[in-house]
Amino acid sequence: MKYLTLIAFIALVLGGGTLIGTGNLPGPWYEGLAKPFFNPPNWLFGPAWTVLYILIGIAGWLVWQRDRSSAAMKIWWLQLALNFAWSPVFFTAQQIGLALVVVAAMLASILAFIIAAWPRDRAAAWLFVPYALWVSFATLLNASIWWLN
5 MKYLTLIAFI
15 ALVLGGGTLI
25 GTGNLPGPWY
35 EGLAKPFFNP
45 PNWLFGPAWT
55 VLYILIGIAG
65 WLVWQRDRSS
75 AAMKIWWLQL
85 ALNFAWSPVF
95 FTAQQIGLAL
105 VVVAAMLASI
115 LAFIIAAWPR
125 DRAAAWLFVP
135 YALWVSFATL
145 LNASIWWLN
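Just so we're aligned: the sequence shown equals residues 5 to 153 in our numbering.
Source of the hints: derived by calculation from the structure; they are not laboratory data.
Mixed in with the good hints, there may be bad ones.
[To be verified] Here are the in silico distance ranges between beta carbons for each label pair:
(1) Glu35 x Lys6: 39 to 47 Å
(2) Ala75 x Thr26: 27 to 35 Å
(3) Pro123 x Thr26: 33 to 41 Å
(4) Arg124 x Ala38: 41 to 49 Å
This one's a predicted model, so the numbers in the text were calculated from it and none came from an experiment.
C-beta atoms are modelled at their ideal positions from N, C-alpha and C, and glycine is treated no differently.
My request is simple: use the sequences and hints to build the entire structure.
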């Protein structure tokens, strides 16, 4: 049962992220935007998010195993909701500024999760470090696109 829950967490995060990602593709609008010199190629996002979603799922599962009602678990759900909201806001609604607010809130929730998880589950906290780094970069990228457009 323990590992079925792990599979469920990974499936939720990876499946949800994949579904949202494929339902909110960049398209011609995004292609026409001015982007900074450090904008990565589109093909990089799929593999990067696949790895990150697996780490996010494992971290959530670890915290869930310890205390389902902990502050860390509540923050985990918050960051996931913000994560899933970003693509529809940016790509589908084409609201670059609002997407910047969403990604900044997501970064804050990721950092809050690391802080909340650290005392009781350092593994879960460490699993969020690559995510924090990637979303820091994504925040800079979103801000740069907003500024340029």
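Is 39 to 47 Å respected by the C-beta to C-beta distance linking Glu35 and Lys6?
holds, 45 Å
Range agreement (Cβ of Thr26 with Cβ of Ala75, hint 27 to 35 Å)
holds, 33 Å
Pro123 versus Thr26 beta-carbon gap, inside 33 to 41 Å or not
At 37 Å between Cβs, range holds.
Honestly, do Arg124 and Ala38 meet the 41 to 49 Å range at C-beta?
holds, 45 Å
Going through the hint list in order, the structure satisfies each hint without exception.
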